[in-house]
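What follows is each chain in one-letter form.
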Amino acid sequence: MRKATLWNWFWILLGLLYFFLPLLATFHFSLRARKEALSLLAYQQMIEDTRIWQALLYSIQIGLLTIGLGLLLMVPTVYWVHLRARYLRPMIEFFSLLPFVIPAIVLVFGLIRIYSGDPFPLTNTYAGTDFLLIAGYVVLTLPYLYRAIDAGMTAIDVATLTEAAQSLGAGWGTILFRVIVPNLRSAMLGAAFLILAIVLGEFTIASFIVGLRAFGPVIWQVGQNRAYEASALVIFSFLLTWILMALINFVARRAVVTSGPR
Amino acid sequence: MLSERRSAASGALRLKPLPSFIGLLDWAGVIPFLLFILLFLILPSLYLFVGSFQDSSGRFTLENIRALFTPTIMSAYWVSIRISLLTALLGGVFGFFLAYALLSEETPTWLRSALLTFCGVASNFAGVPLAQAFIFTFGRMGLVTVLLREAVGLDLYEMGFNLYSFWGLSITYLYFQLPLMVLVITPAIEGLRREWREAAENLGASPLQYWWYIGIPILMPSLLGAMILLFGNAFGAYATAISLTGGLINLITILIGNQIRGDVLHNPNLGYALALGMVVVMAVMMSLYYLLRRHSERWLRQ
Amino acid sequence: MAFLVLEHVSKRFGNLIAVEDFHLAVEKGEFISLLGPSGCGKTTVLRMIAGFELPTTGRIILEGEDITRVPPNRRNIGMVFQSYALFPNMTVAQNIAFGMRVRREPEHRIRERVDELLALVHLEDKRNSYPHQLSGGQQQRVALARALAIRPRLLLLDEPLSALDAKIRVTLRSEIRAIQRQLGITVIYVTHDQEEALSISDRIVVMRAGKIEQVGTPFQIYNFPQTSFVASFVGMLNTAEAEVLDPQQGLLQLDGAHLLSADPGLRRRKPGERVRLSIRPERISLAGEQLKDNLLQARVEDITFLGAVVRIQLRLGNTLFYMDTFNNPHLALPTIGSTVQVTCSKEAVMVLE
Chain A
17 MRKATLWNWF WILLGLLYFF LPLLATFHFS LRARKEALSL LAYQQMIEDT
67 RIWQALLYSI QIGLLTIGLG LLLMVPTVYW VHLRARYLRP MIEFFSLLPF
117 VIPAIVLVFG LIRIYSGDPF PLTNTYAGTD FLLIAGYVVL TLPYLYRAID
167 AGMTAIDVAT LTEAAQSLGA GWGTILFRVI VPNLRSAMLG AAFLILAIVL
217 GEFTIASFIV GLRAFGPVIW QVGQNRAYEA SALVIFSFLL TWILMALINF
267 VARRAVVTSG PR
Chain B
2 MLSERRSAAS GALRLKPLPS FIGLLDWAGV IPFLLFILLF LILPSLYLFV
52 GSFQDSSGRF TLENIRALFT PTIMSAYWVS IRISLLTALL GGVFGFFLAY
102 ALLSEETPTW LRSALLTFCG VASNFAGVPL AQAFIFTFGR MGLVTVLLRE
152 AVGLDLYEMG FNLYSFWGLS ITYLYFQLPL MVLVITPAIE GLRREWREAA
202 ENLGASPLQY WWYIGIPILM PSLLGAMILL FGNAFGAYAT AISLTGGLIN
252 LITILIGNQI RGDVLHNPNL GYALALGMVV VMAVMMSLYY LLRRHSERWL
302 RQ
Chain C
630 MAFLVLEHVS KRFGNLIAVE DFHLAVEKGE FISLLGPSGC GKTTVLRMIA
680 GFELPTTGRI ILEGEDITRV PPNRRNIGMV FQSYALFPNM TVAQNIAFGM
730 RVRREPEHRI RERVDELLAL VHLEDKRNSY PHQLSGGQQQ RVALARALAI
780 RPRLLLLDEP LSALDAKIRV TLRSEIRAIQ RQLGITVIYV THDQEEALSI
830 SDRIVVMRAG KIEQVGTPFQ IYNFPQTSFV ASFVGMLNTA EAEVLDPQQG
880 LLQLDGAHLL SADPGLRRRK PGERVRLSIR PERISLAGEQ LKDNLLQARV
930 EDITFLGAVV RIQLRLGNTL FYMDTFNNPH LALPTIGSTV QVTCSKEAVM
980 VLE
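Protein sequences, first through last, are from chains A, B and C. So the mapping is simple: this note's numbering equals the position in the first sequence, first residue as 1, plus 16. So the mapping is simple: this note's numbering equals the position in the second sequence, first residue as 1, plus 1. So the mapping is simple: this note's numbering equals the position in the third sequence, first residue as 1, plus 629.
Incorrect hints may have been included.
Said to hold, decoys possible - A few chain A residues that don't get close to chain B, going by computed Cβ distances all over 10 Å:
no.	residue
1	T145
2	E218
3	I235
Claimed, not checked - Label pairs and their in silico Cβ distance ranges:
no.	chain 1	residue 1	chain 2	residue 2	range
4	A	F26	C	G668	56 to 66 Å
5	C	D754	A	T176	18 to 28 Å
6	B	V94	A	E64	54 to 64 Å
7	A	T141	B	P33	38 to 48 Å
8	A	A262	C	T856	50 to 60 Å
9	A	A262	B	I43	48 to 58 Å
10	B	V51	A	T176	43 to 53 Å
11	C	V699	B	P188	28 to 38 Å
12	B	S288	C	D754	33 to 43 Å
13	C	K840	A	F266	39 to 49 Å
Keep in mind the hints are simulated off the structure, nothing from the lab. In this text the structure is predicted, and so the values were computed from the model without any measurement. In this text, a Cβ means the ideal position worked out from N, Cα and C, and glycines have one as well.
Given these sequences and hints, build the entire structure.
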């Protein structure tokens, strides 16, 4: 009994040490922008650096659009498959999980080769580039989104719910937007925050398609030549991820309360 | 299975009966999805696939595939596979122990939930900021390096450690591998019932025998699934590697990245073959995973 | 010394007292049931015998050896769990063989023993099935065989039947008892089902809130409950408040009617004192058949068929009580709303503490 307790604490302490040491070191470094004393100078530099905030704003916009496009694509598809064509479900699942097998670098390589020339010259315009980035992100985050929505629809048994709504005289619009979507809210919100967290920190796809317009590449560039500001930025982006994860937890906990026993 | 089929049938009955078009209509609802997948996943992949088997004038050739087996490229694959296997294995084992420790009854609830949340953050905290945090920690001027040198007199770099090497990269990768393992394996560990352990003890088994005969076999499908996830996670990692080593380490992702930026191989089609090779490695790993999983789950299927 | 002795055992979980001063001696070959409502500490007692919980105070002595601190895997005590707890990754035969395998017994002996046990629990044809392919009753039989395979000194059963259907519960119950008699093994059986405890045990330990209420044979527990808790928990019971008129003669007054009781406890009461009396429903009968010590006028409120038994609800003044009578096709039942005369012997009228 005591041996097991000791063993467990060994791993917890080791985990804590490993997890917090890099954060501690980065934080420590970020306070030393002035040679003579501890200061918040690095944070001040970061706040005054408008490129960072422009890039963050851009990435947030891209993230929101990714979420929007993803939901628009996946909610009706998964609903349709649950309701009308369950035998198509393995196929949808296969394609949705395929991005796990295709690394981001391979995906972006293919996207650039196809869409930087005729017949689809997307990269010639800003809007086209943005759209290509968003499409890439939708593919990249498809496995998470599919799993969340599929699990959500399985949990609420959409077929029965639709039947009930139909028997009460609801039309298709009403069913989808006033019955199905509200019941999927927590699943969709959880997936949305996860997608946002992924997009905000994403580097591989962004750096090849839009370069320094996005947040990830900007963090990289700041790190190349301004170490103190970079350390402040690392702390900031860690906090940003933390907030998004905390929101997921919050939504998930509420979901337990609102969905009740199956 | 049966209930699924039945609900599919009743689902078809519920809607307007169009028996002769039913099949076509079923597909109509998934067309936007399939179109999107075709345009942004299949087509790009297919482009690389076809390009791998063409020469610069578009004729069919196996030359690019043969060129993959030159020492530089092979070593890039090999380093990528090794680092992925190593961090999947270490992250998997340590992550399992950590998750098991966190779920133990004696661990305070606040510590458990705090660390589980942290794992959610850390598993998503990959890429550029992660690499920078490790430079601030274990780099030549990093806090730990300096502290060890000045306080204990231990010079990591003189001892042969280098953050910008294979091992340095592995330690950095573990920062997202370990928490990912914790997150993925936690539900499986929670599924282990206390009675199994007690029944084993009651029948005279030592803790080790319990794990060998019952705990590990029951967890095996989940462990395999988690490990393959970890492998893919490390194998495709680009951002962390490029920002930590600046491209100095010969990884397959970095090689492809360089090829995208400018045709460093002086042969675009060889670049496509590189990418195809990555997908093939992942596909082989997935197939291996399915085989192993089928074997480890045989008691569920009969 | 008895085969198994629990010496003033108690168990505290933080501030909660789960078991308090539990003292019991069990003879070899006895079938003992621990009976009580959920949360009364009966499972905790069982888990302390198995070694999964360490008693806060007291000792557990098995065959003269103090096993209080012996780890569970060295006790050689078999246990059957409510949830079966079969290892899902092993076949029936592998589950049964597990205890012998970890003891490194020779392979041919394991095979013989598995065959023997499969025959004992009538599952010869399920040898190579996995647990999820079996019904609940079959799974529990495997669990029983698995626990017996190690030739345990003692067999513990923790509500083994409560997850099963009513019919299987009854057949498996008698099978367990038959196997126990055949092997002569000592059994501690935890249940919250009083009927099960009455039908299967040599002795019953009734527990409440961590303490022993009464220990006795099923006959003693049912017919001579020592506390009102035992009386009401075991079997169906009518209780009512009555006034003592003459303690020496055992005369009581219940809602205006006079009643005689043979309970010796009544002698210690004073005239005018209020006591709680109780009568088992089957001890009351219609006065037409045979006249006993007490004769009461009551109104028929309701009649329920329970198969072999017919339960009649009666009203005496403000008191409602039940009367059970055996069902037979020639039974002349009173009509609802009519007034009948019922009778019971003075031995049937118990006064509870």
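Now for the hints, and whether the structure bears them out:
no.	hint	in the structure
1	T145	holds (14 Å)
2	E218	violated (7 Å)
3	I235	violated (5 Å)
4	A/F26 - C/G668: 56 to 66 Å	violated (36 Å)
5	C/D754 - A/T176: 18 to 28 Å	violated (40 Å)
6	B/V94 - A/E64: 54 to 64 Å	violated (45 Å)
7	A/T141 - B/P33: 38 to 48 Å	violated (23 Å)
8	A/A262 - C/T856: 50 to 60 Å	holds (55 Å)
9	A/A262 - B/I43: 48 to 58 Å	violated (37 Å)
10	B/V51 - A/T176: 43 to 53 Å	holds (46 Å)
11	C/V699 - B/P188: 28 to 38 Å	holds (35 Å)
12	B/S288 - C/D754: 33 to 43 Å	holds (37 Å)
13	C/K840 - A/F266: 39 to 49 Å	holds (45 Å)
In the structure shown, a violation is registered for the earlier hints numbered 2, 3, 4, 5, 6, 7, 9, in ascending order.
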